[in-house]
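Undergrad: With the hints in hand, could you dock these two chains into one complex?
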Amino acid sequence: DSGVTQTPKHLITATGQRVTLRCSPRSGDLSVYWYQQSLDQGLQFLIQYYNGEERAKGNILERFSAQQFPDLHSELNLSSLELGDSALYFCASSVQPGTSGSNEQFFGPGTRLTVL
Amino acid sequence: AQKVTQAQTEISVVEKEDVTLDCVYETRDTTYYLFWYKQPPSGELVFLIRRNSFDEQNEISGRYSWNFQKSTSSFNFTITASQVVDSAVYFCALSESYTGANSKLTFGKGITLSVRP
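Chains as they are written, first to last, in the numbering used here: chain A, 1 to 116; chain B, 117 to 233.
Quick caveat, the hints were computed from the structure, so don't treat them as lab data.
The structure presented is a predicted model; accordingly, all values stated were derived computationally and were not measured.
Treat the hints loosely; a few may be bogus.
To be verified - Here are the simulated DSSO-like cross-link-like pairs (lysine-lysine), alpha carbons at most 30 angstroms apart as the crow flies:
#: 1; chain 1: B; residue 1: Lys-186; chain 2: B; residue 2: Lys-154
#: 2; chain 1: B; residue 1: Lys-132; chain 2: B; residue 2: Lys-225
#: 3; chain 1: A; residue 1: Lys-57; chain 2: B; residue 2: Lys-154
#: 4; chain 1: A; residue 1: Lys-9; chain 2: B; residue 2: Lys-186
#: 5; chain 1: B; residue 1: Lys-119; chain 2: B; residue 2: Lys-154
#: 6; chain 1: B; residue 1: Lys-119; chain 2: B; residue 2: Lys-225
#: 7; chain 1: B; residue 1: Lys-225; chain 2: A; residue 2: Lys-9
#: 8; chain 1: B; residue 1: Lys-119; chain 2: B; residue 2: Lys-186
#: 9; chain 1: B; residue 1: Lys-154; chain 2: B; residue 2: Lys-225
#: 10; chain 1: B; residue 1: Lys-132; chain 2: A; residue 2: Lys-57
#: 11; chain 1: B; residue 1: Lys-186; chain 2: A; residue 2: Lys-57
#: 12; chain 1: A; residue 1: Lys-9; chain 2: B; residue 2: Lys-154
Just chain B, with the same shape it has in the complex (with noise of 0.2 angstroms):
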C-alpha cells in the first residue's frame, strides 16, 4: 500500500528564513509520481509541482525547490527567502503510474507553515 508521511505538523519562521519541509513516501511501484500541493486559508488546493519516480533531478522555481532522493525515499521542498504569503497547509501527494487513466492521490497529513512579519 501507499503511504506518505510528513513528520513536521507545524512550522513557524521569520520572514525570509529559508524553510524545508520534508515528505517520506512508501510504495513497491517501480514507477510513481509524486506531487506538492499548497492549501492557502482560503482553502482551495494548488498544484506546485510533478515528479516521475525515473526523474532525479532536483528543480527549481523561483523561490521554491525540490529534493528528489529515491535512496531515502524523500522529496522535500525548500522555500528560499519566505514570504507571509507563503503561510499555507502543504501537501505532498504519491500516486501510481496507471495505463490509459490517472491514478489517485495519497496525501500526506500536511505541513502548517506560518510566516510571521
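If we strip away everything but chain A, and leave its shape as in the complex, we get (with noise of 0.2 angstroms):
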C-alpha cells in the first residue's frame, strides 16, 4: 500500500459525460501528479500540483482540468469525454526534495475509466 488512496476504483460512462476522478496523497506529500495510462500511448504526465498550485503541465487536453484543494487531496475533471478517453489515470504524490532533487513518486492504485 503507497498511502495514496484513489476513487473510484472504476468508472463506466457514455461519451459526451463529465467525470470527476479524487486523489489523495501520502500525509505530508505537498505534490500531486496525475498520469494517463492507455494502450496507445503509454504512461503520459498530465498535470502537477503543489501545495495548491499548478505546477506543471504535460499532455493534458483542453477537457481536462485538474485542483489541489487546501487539504492537498486533488481532483482531476475530464469533460465531453470520448471513447479515446478510455485509459487507467494514476494519481502519485511524493515528498519534496528540499533545496533541489526529484524524489519518487508513490503511486495510488488507478482509476479506470472506460467510455461508451
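TA: As C-alpha cells, this is what we get:
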C-alpha cells in the first residue's frame, strides 16, 4: 500500500459525459501528479500540483482540468468524454526534495475509466 | 526533450533464469534522476529504485540489481534467479531536477516480463 488513495476504482460512462476522479496523497506530501495510461500512448504525465498551485502541465487536453484543495487532495475533471479517453488514470504524490532534487513518486491504485 | 527507450517489449524466461531489462535515456540536463517501477497484473505501480545522475555505483537489493552507465546513457535492471512473482510490466523513468519541487516522470513504454514455472 503506497498510502495514496484514489476513488473510484472503476468508472463506466458514456461519450459526452463529465466525470471527476479523486486523489488523496500520502500524509505530508505536497506534490500531486496525474498520469494517464493507455495502450497506444503508454504512461503520460498530465499535470502536477504543488501545495495547491499548478506546477507543470503535460499532455493534458483542454477538456481536462484539475485542482488541488487546501487539504491537499486533488481532483481531475474530465469532460465531453470521448471513446479515446478510456484509460487508467493514476495519481501520485511525493515528498519535497529540499532545495533541489527529484524524489520518487508513490502511485495510487488508479481509476479505470471506460467510455462507452 | 527527455526520452526513455525500452527497446525490449516482451521477455519470457523460465523460473530461476537471470534476466536483464534494458533502459536507455536521453536528456540535456546534467542533473537528472532515473527510476524503475513495477506494474504487476493487479495494475498498481510499485516504486523499485531511484538513482541520481551523480551516483554511478551499481546497486543490489536481494535478487535485484541495477547498472547505471552514464557513458552509454543506460540504466539496466537485472533480476537474478527469476520467480513467477516477478511477472509484471517494468517501467524505466526519468525526471529532471527542479528547485523546491519535484519534476514529472517521463516513462518508457515498459517491458512485459513473463516468468514461467
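Undergrad: Does Lys-119 (chain B) pair with Lys-186 (chain B) here, judged by a C-alpha cut-off of 30 angstroms?
TA: holds (15 angstroms)
Undergrad: Check whether the Cα positions of Lys-132 (chain B) and Lys-225 (chain B) lie no farther apart than 30 angstroms.
TA: OK: Lys-132 (chain B) and Lys-225 (chain B) at ~26 angstroms, within 30 angstroms.
Undergrad: Please verify whether Lys-154 (chain B) and Lys-225 (chain B) have alpha carbons no more than 30 angstroms apart.
TA: Distance ~12 angstroms between Lys-154 (chain B) and Lys-225 (chain B) Cα, so the pair holds.
Undergrad: Are Lys-132 (chain B) and Lys-57 (chain A) close enough, with their CA atoms no more than 30 angstroms apart?
TA: violated (43 angstroms)
Undergrad: Sort out whether Lys-154 (chain B) lies within 30 angstroms of Lys-57 (chain A), counting only the CA atoms.
TA: Measuring from Cα to Cα gives roughly 25 angstroms; hence the hint holds.
Undergrad: Below or equal to 30 angstroms on CA atoms is what counts here, so check Lys-119 (chain B) against Lys-154 (chain B).
TA: holds (19 angstroms)
Undergrad: Is Lys-225 (chain B) close enough to Lys-9 (chain A), meaning Cα to Cα at most 30 angstroms?
TA: holds (23 angstroms)
Undergrad: With a cut-off of 30 angstroms on the C-alpha distance, tell me whether Lys-9 (chain A) and Lys-186 (chain B) pass.
TA: violated (39 angstroms)
Undergrad: Tell me if the straight-line CA distance from Lys-119 (chain B) to Lys-225 (chain B) falls inside 30 angstroms.
TA: At roughly 10 angstroms apart (the allowed maximum being 30 angstroms), Lys-225 (chain B) and Lys-119 (chain B) satisfy the hint.
Undergrad: Sort out whether Lys-57 (chain A) lies within 30 angstroms of Lys-186 (chain B), counting only the CA atoms.
TA: holds (28 angstroms)
Undergrad: Are the Cα atoms of Lys-186 (chain B) and Lys-154 (chain B) separated by 30 angstroms or less?
TA: holds (23 angstroms)
Undergrad: Check the hint pairing Lys-9 (chain A) with Lys-154 (chain B) against an upper bound of 30 angstroms on the C-alpha distance.
TA: holds (19 angstroms)
Checked against the numbered hints given earlier, this structure breaks hints 4, 10; the rest are met.
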